[in-house]
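Here the structure of chain A is known, so what remains is to put chain B in place on it, guided by the hints.
2 protein chains.
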Amino acid sequence: MKINCSVYIATSLDGFIAKPDGNIEWLHDPSFTIEGEDFGYSDYMGSIDALIMGRNTFEQVLTFGDWPYQKPVIVLSSKSLNITEELEEKVHLTGGSPVEILDWATKKFGYKSFYIDGGTTIQRFLSASLIDQLTITKIPVILGQGIPLFDKIANDLRLELIDLIKFENGFVQLIYQPKYK
Amino acid sequence: MKINCSVYIATSLDGFIAKPDGNIEWLHDPSFTIEGEDFGYSDYMGSIDALIMGRNTFEQVLTFGDWPYQKPVIVLSSKSLNITEELEEKVHLTGGSPVEILDWATKKFGYKSFYIDGGTTIQRFLSASLIDQLTITKIPVILGQGIPLFDKIANDLRLELIDLIKFENGFVQLIYQPKYK
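Chains A and B supply the protein sequences, listed in that same order.
Residue numbering for the first sequence follows my numbering, beginning at 1 and increasing consecutively.
Residue numbering for the second sequence follows my numbering, beginning at 1 and increasing consecutively.
Note that the list lumps identical chains together, so a pair holds whenever it fits in one copy or between two copies.
Straight-line distance between alpha carbons at most 20 angstroms, and here's what the computed SDA-like set of lysine to any residue pairs gives:
hint: 1; residue 1: LYS166; residue 2: THR135
hint: 2; residue 1: LYS179; residue 2: LEU27
hint: 3; residue 1: LYS19; residue 2: ASN155
hint: 4; residue 1: LYS179; residue 2: SER31
hint: 5; residue 1: LYS179; residue 2: ASP29
hint: 6; residue 1: LYS179; residue 2: ASN169
hint: 7; residue 1: LYS19; residue 2: ARG158
hint: 8; residue 1: LYS19; residue 2: ASP151
hint: 9; residue 1: LYS166; residue 2: GLN177
What the hints contain is simulated information worked out from the structure, not anything from laboratory work.
Excised from the complex, chain A in its bound form (with noise of 0.2 angstroms):
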């Protein structure tokens, strides 16, 4: 059976994916809405079985106020979570390698396809050579200091560009696939 782990995130110009303190409302700034236009994200939401992610990241979405997920969701931690009941069932707490995560998610409930986010985790399973494709939205915008998407890996890690896309709003969407050696 074939898992497939890919990302789905944006990040300034710069390269960061939230401010120091977590923040992303300057993803959300009302000039860059387009009428209609979701950049491809109920596509790719529609395409996984679930989502995999960090603590930190779990704790940043509960503050978003309403749970944004129809698919379920997979928290590393290795501390219990503080969650309402409705969230039971849609969230799972595991944690272990990036291996024995999917290893975990496929034989308890069949998932074969995953969203890697968060900064932190989308590390851990690229510095595994697990993740199989990226969709990076570069957002017209320099920060100068955030949390960034990639962190110190052992390696240079060449990619293939899959395909790119332009937004009226100054967005671009980059796809890229690894190459591991």
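Just chain B, lined up with the frame of chain A:
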């Protein structure tokens, strides 16, 4: 007289212009070569009167062997340069704030259009709201660490996407104009 400052630079997907030691060999990987394609470099160089770069970038260029520029180069340094007689005509040394540098180069030589090069110098001119256009070529490689193109800035800086060019080797050229407040 309108003075124009622009940037033409390549970065890794994670936003580095060089490895931590200044190395840019990854950029010249033979697999990136497209016969007869210079990624707009000649046209760009034809459009500028002079380059402005910091001492570190200048010293990095000297290590390349043959001097690569037809256009005059203004090096920003408070120390004198140890250069060959051949380069003395082509290289000018100055210092001061970005505004003072442009003022000096315009009055002394009549230059109007400048290629601002090197991370630190680009950051200084950007912070002074003096960069009119950036051409950033995204190379399909993640380096993990290196010298970043951008650094901390006082406020978020929005940009307008002017153009987007995709090359068959996976390079993506993004052309932006900053929208200073």
